[in-house]
Amino acid sequence: MPGRIIGCFSCILCALPFLYLAWEGKQKNAAPIAFWSGDNTLKDKVKNIPAYNREMARLYQACSAAFFLSGALCLVYPPLGVALICLLCTAGIYLMWRTYKSILVKYSA
Numbered sequence: 001m002p003g004r005i006i007g008c009f010s011c012i013l014c015a016l017p018f019l020y021l022a023w024e025g026k027q028k029n030a031a032p033i034a035f036w037s038g039d040n041t042l043k044d045k046v047k048n049i050p051a052y053n054r055e056m057a058r059l060y061q062a063c064s065a066a067f068f069l070s071g072a073l074c075l076v077y078p079p080l081g082v083a084l085i086c087l088l089c090t091a092g093i094y095l096m097w098r099t100y101k102s103i104l105v106k107y108s109a
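At position 109 of the sequence shown the residue is numbered 109 (our numbering), and the sequence of numbers has no breaks.
Just so you know, these hints were derived from the structure itself, not from any lab.
Certain hints may be false.
[To be verified] Computed list of lysine-lysine pairs in DSS-like fashion (alpha-carbon distance at most 25 Å, straight line):
1) K26 x K101
2) K47 x K28
3) K28 x K106
4) K43 x K26
5) K26 x K47
[To be verified] Okay, the calculated beta carbon distance ranges per label pair:
6) A30 x L75: 14 to 20 Å
7) Y20 x A91: 38 to 44 Å
8) C89 x Q27: 23 to 29 Å
9) P78 x Q27: 16 to 22 Å
10) L69 x S108: 30 to 36 Å
11) V82 x A34: 40 to 46 Å
12) L75 x K101: 21 to 27 Å
13) P78 x D44: 45 to 51 Å
14) P17 x K45: 19 to 25 Å
15) N48 x F9: 36 to 42 Å
16) G3 x T90: 18 to 24 Å
17) D44 x V82: 39 to 45 Å
Beta carbons: idealized from backbone N, C-alpha and C, even for Gly.
The task is simple: from the sequences and hints, build the whole structure.
Encoded structure:
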């Protein structure tokens, strides 16, 4: 049982930063949400910042929801929860990056 709780807690800790980025992205419309930490070039690249921020917030919400789901699965059925965590941390990151690139192309100047 302690392993299930630790797995769930770890997944929730992974989900919270994504949830915060999504919430912050919906609040600010002056600066675009960066995918890479410290990326200051987006202000010159993105032409419609509010729409770009909405799509990036949805992307971060989806990532957060996936980590919350894996946390719930860790409580119910740990092997499936761990498998989902592994999938999120490998293929999920790649898919998130691809989605970011398509959002950036869509709103580039």
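Evaluated hints:
no.	hint	verdict
1	K26 x K101	holds (19 Å)
2	K47 x K28	holds (15 Å)
3	K28 x K106	holds (20 Å)
4	K43 x K26	holds (16 Å)
5	K26 x K47	holds (17 Å)
6	A30 x L75: 14 to 20 Å	violated (40 Å)
7	Y20 x A91: 38 to 44 Å	violated (24 Å)
8	C89 x Q27: 23 to 29 Å	holds (28 Å)
9	P78 x Q27: 16 to 22 Å	violated (36 Å)
10	L69 x S108: 30 to 36 Å	holds (32 Å)
11	V82 x A34: 40 to 46 Å	violated (30 Å)
12	L75 x K101: 21 to 27 Å	violated (34 Å)
13	P78 x D44: 45 to 51 Å	holds (46 Å)
14	P17 x K45: 19 to 25 Å	holds (24 Å)
15	N48 x F9: 36 to 42 Å	holds (38 Å)
16	G3 x T90: 18 to 24 Å	holds (22 Å)
17	D44 x V82: 39 to 45 Å	holds (42 Å)
Of the hints listed earlier, those the structure fails to meet are numbers 6, 7, 9, 11, 12, in rising order.
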